[in-house]
Amino acid sequence: VNLAHLLARISAIVVTLLLGSHVADAQQPAKYSLLIKGGHVIDARNGLDAVRDVAIADGKIAAVAADIPASDAARVVDARGLYVTPGLIDIHAHVFWGTEANAQYGNGPSAVPPDSHSFRSGQTTLVDVGGSGWRTFPQFKAQVIDRSRTRVLAFLNIVGDGMKGGPIEQNLGDMDAKLTAQRARQFREHVVGVKVAHYMGAEWDPVTRAVAAGREADIPVMIDFGGNNPPQSLDALLNTHLRPGDILTHMYAHVRGRMPIVNAQGQVEPYVIAARKRGVIFDVGHGGGSFLFRQAVPATKQGFWPDVISTDLHIGSMNAGMKDILNVMSKLLNLGMPLQDVVKANTSRAAEVIKRPELGHLGVGAEADVAVLGVRTGEFGFVDSGGGQMPGTQKLECELTVRAGQVVWDLNGRSRPLWNEGTR
Amino acid sequence: MMRRTLATLVVLLAAHAAAAQTPRYSLLLKGGHVLDPKNGVNGVMDVAIADGKVAAVAANIDAAEAARVANVAGLYVVPGIIDLHAHVFIGSEPDSYLSNGDVGAHADSHSFRSGQTTLVDVGGPGWRNFAQFKTNIVDRARTRVLAFINIVGHGMRGGPYEQDLGDMDAKLTAQRILANKDVLVGIKVAHYQGAEWEPVTRAVEAGRIADVPVMIDFGGNEPPQSLDALLNTHLRPGDILTHMYAHVRGRHPIVNAQGQVEPYVIAARKRGVLFDVGHGGGSFLFRQAVPATQQGFWPDVISTDLHTCSQNAGMKDILNVMSKMLVLGMPLNDVIRANTAKAAEVIKRQDLGHLGVGAEADVAVLALRKGEFGFIDSSGNRMPGDQKLECELTVKGGQVVWDLNGRSHTLWSEQPVEDMNAPPPARRRTR
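In the order they appear, the protein sequences are chains A and W. Numbering of the first sequence is given in our numbering, commencing with residue 1 and proceeding in unit increments. Numbering of the second sequence is given in our numbering, commencing with residue 1 and proceeding in unit increments.
Hints in this document: simulated from the structure, not taken from any laboratory. Computed from a prediction, not measured in an experiment: that's the story for all the values here. There could be a bad hint or two in this list.
Stretches of chain W that chain A covers, calculated by requiring three or more beta carbons in the stretch to come under 8 Å of a beta carbon on chain A [said to hold, decoys possible]:
(1) 88-102
(2) 376-382
(3) 403-410
A virtual CB, placed ideally from N, CA and C, is assigned to each residue, including glycine.
Input sequences plus hints: build the corresponding full structure.
Next up, the structure:
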C-alpha cells in the first residue's frame with residue numbers, strides 16, 4: 001500500500017464519515033439533540049470541576065463525559081474556553097408584573113416580565129419572592145408562570161393580597177398562616193417558600209405566622225427584615241424566630257430600620273455568625289437599595305460569604321447597580337469568592353435552599369437547564385446601592401442558555417451554522 | 001494634635017464646599033469621541049449637561065465645573081439611540097398579542113441598557129385603545145415612548161381583529177393623532193392578509209390628514225401583492241417599508257432570485273421612500289442583507305422589532321442589530337446617524353437625535369469591542385464578525401439611567417457614610 005493510496009483511502013473514509021453523518025441526520029435522528037463540547041464544567045452537586053462534554057437528548061442531560069463524538073449530535077456547540085454550568089437560579093426576583101395601578105410588585109408595574117431578563121444572563125429559574133399571596137397566586141400563575149419560558153417559582157407573601165405596597169402590606173388581619181400553607185400545598189410544584197417583607201412595626205406576628213405557614217407546608221421562609229425605629233432585634237429574628245433553612249435576604253444592606261450584619265466596629269455581629277452555624281441562610285438580594293460595599297467588603301474579608309447570590313430584580317434595580325445576576329455574581333467574584341463557589345451558590349445551593357434538589361445540577365437524567373458562561377478579563381467597575389463604585393478585573397458574560405434542552409439564548413451563534421453554508 | 005488638625009481640615013473643607021457655587025454642569029462626559037451626525041461633529045470632545053439639557057460640546061471643558069464627571073476616553077459619545085420599530089404595549093389581557101397582550105416587551109427592561117432613550121411602538125394601539133397605552137406604558141416608562149398608531153382601531157390584537165376592514169378608519173385615526181401629537185408620530189399597517197389595498201390607502205389618507213408618515217409591514221397574500229405598486233404608487237416620500245431584509249411567504253424580497261436589488265426598490269428610495277430594518281424574529285436574512293448592502297442598499301433606519309419572540313433570538317437588542325450592519329461594512333458614523341438624526345427626521349421629531357446645545361440631554365456612550373463575535377439571522381444562521389457595540393452609559397433628560405461600569409460614580413471607599421440612625425434626609429424615593 002503506497003502513501004498516495006493510503007491518503008486516498010483515508011480521504012474516502014473521511015468523506016464517507018462526513019456524508020454518513022449527513023445521511024444519519026436525514027434518516028435517523030442523532031443520538032443527542034445538542035452537544036456542548038470542550039467547556040469547563042462546574043457542577044458542584046456532582047463534584048465536577050473539569051473540562052467535559054455535555055450531551056442533551058429529549059430535554060434531559062444524556063451524558064457528561066471527557067470526549068463525546070460530535071457525530072452523535074444534531075447540533076454541536078464549541079464551548080472551549082468557557083464555563084458550562086447548571087442553569088442559574090435566581091432565588092430573589094420580582095416578576096409578577098401587571099398593569100394594575102398601585103399594585104407594585106403584585107400585578108403592578110414595579111415587577112418585570114421574566115423572559116426579558118432570565119435567559120440573557122444564564123438563568124433558567126426565577127423565584128418570585130412575595131409578589132403574590134394566597135389570594136392572588138392563581139392570577140400570578142395564569143398570567144406569568146404559565147406563560148413564561150423561564151421556570152418561575154414562588155415564595156407566597158404572608159400577606160394574602162401579596163406585595164401591593166402601602167397599607168395592604170401592613171394589614172395583620174390579612175396574614176393567615178393556615179390559608180397560606182394550604183395554598184402552598186395546593187401548588188407544591190410552584191410554591192417553594194413564604195415571604196415576609198416591608199412590615200413596619202414592632203410586632204413579630206408577620207414573622208411568626210410565616211414560620212407557622214412554613215412549618216405546615218414544609219417550606220422555608222425568606223425575611224426582608226426591618227422597618228421599625230428603633231430596629232427590632234436581628235439577633236432575635238435569626239436565633240429565636242427563624243428555623244434552620246430559613247433565609248435572611250438583603251444580607252449586605254444597611255438601611256434605616258434594620259441592623260446591619262457588620263457593626264460600627266467593622267465586625268460581623270457574633271449573633272449573625274451564630275445564626276449561620278445553626279443553619280440560617282444568608283441571601284444577597286441586591287436590589288436597588290440593599291447591597292453596600294461598606295458591608296460586603298468587611299463581611300467577606302471576615303469570611304462571611306453569601307449562601308445565595310440573588311438579584312432582587314425589579315424596575316428599581318435592573319438599570320441601577322444590580323443590572324443582572326451575572327453582574328451581582330461578578331461582584332462576589334471580584335471580592336474574592338472563587339468562581340466555583342459563586343456558581344455553586346446559584347445552582348446546587350439555591351436548589352437545596354428551595355428544596356428542589358432536582359434543579360441546579362447536570363447529572364444524567366436531570367432536566368437540561370444549562371448556562372455557558374465566559375469570564376471576561378479587563379477593567380470593569382461595579383456600583384453598589386449607595387452609588388459607590390468598586391473596580392474589578394473579571395466579569396461574567398452569558399454565551400448560551402439552554403432550557404429543558406432548547407437553546408433559548410445564543411449570544412454569538414455558537415450553536416448555529418454559517419449563513420452561507422446553511423441549507424436554508 | 002493630629003485629631004485637631006483633621007478637625008480643622010474638615011471645617012475648612014466644609015466651609016470651602018459651602019462657599020463654592022453650585023457647579024455649572026450636573027454631568028460632564030469627558031474625553032469621548034463624539035459622533036453627532038446632525039451637527040457634523042465627529043471627534044474627541046467633552047459633553048456638558050445642565051438642567052437636563054446639553055449645555056456645551058467643546059474640546060476641553062474643565063472638570064471642576066461639573067458636579068459629576070464620567071471619564072469616557074476611548075468610547076463613543078452619541079445621541080440617545082432611537083428605536084423606530086419596537087413593541088412595548090405589554091399587558092395581561094388574554095388574546096391581545098401586541099396590544100395590551102403579553103407578546104409586547106417591557107420598555108425600560110430593554111432601552112437604557114442598550115443606549116436607547118426613545119422607543120417607538122409601531123402599531124400596538126389603535127385609536128380605540130390609545131388611552132390605555134398612554135396610561136399603562138407611556139406615562140409609566142422612564143424611556144421616552146412614542147407610537148405609530150395602528151390603522152386598525154383595536155390595534156395589533158392579532159387574529160381577525162387585524163383583518164377587519166370595517167375597523168380601519170382614516171378619519172378617526174387621524175383625529176387621535178392630531179389630539180396626541182406629543183406621542184403619536186405615525187401610522188402602522190401590518191399583518192393584513194388579502195389582496196385589497198384599503199389598509200394601505202386608508203393609512204396613507206390618515207397620514208396625509210395628520211401630517212405623519214406611515215410604516216408598512218407588507219405582505220400576507222398569495223400571490224404577493226406588487227411591492228413595486230406599494231413603494232412607487234401608494235406610498236409617499238417619507239413613508240416607510242419595514243422588514244427590508246426579510247424574505248417571507250406573501251411578500252416579495254427586495255433582492256430578487258438573480259441576487260439583484262429590484263430596480264423598482266432603488267427607484268422608490270430615489271423618490272424618498274424609507275427603508276427600515278425591523279429585524280424581529282423573522283425579518284432579517286443575511287441572504288438578503290449581504291447582497292443588498294454589497295450593492296450599496298443600506299438601511300435608512302436600523303430598528304429592532306422588539307417583542308418577546310425577537311428579544312432572545314437573533315435580534316437580541318438594538319446594539320446587536322447595529323453591530324450586524326457594522327460587520328456588513330456600514331461605517332460607524334452612518335450606523336449612528338441612522339438611529340439618531342435620521343430616525344428623528346423620519347418621525348419629524350428633529351428635537352431628538354442630536355447633541356446640539358439646548359437639546360434634551362439624551363446621550364449614549366458606546367464601546368466598540370473587538371474580538372471574535374457571531375451574529376444570527378432570523379433563519380438561524382450565523383455570520384462571524386470582529387466588532388460589537390456595547391453600551392457603557394446612558395443619559396436620559398440629563399439623568400444617568402445606565403452605567404455599566406460605574407464611570408459616573410465615585411469609589412465606594414471615598415463616599416460619605418450615611419448615619420442610618422439619624423432621621424432620613426428629605427429626598428425622592430427611588431423606584
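Against the structure, the hints:
1. 88-102: holds (count 5)
2. 376-382: holds (count 6)
3. 403-410: Held - the stretch 403-410 of chain W has 7 residues with a Cβ nearer than 8 Å to chain A, which meets the minimum of three.
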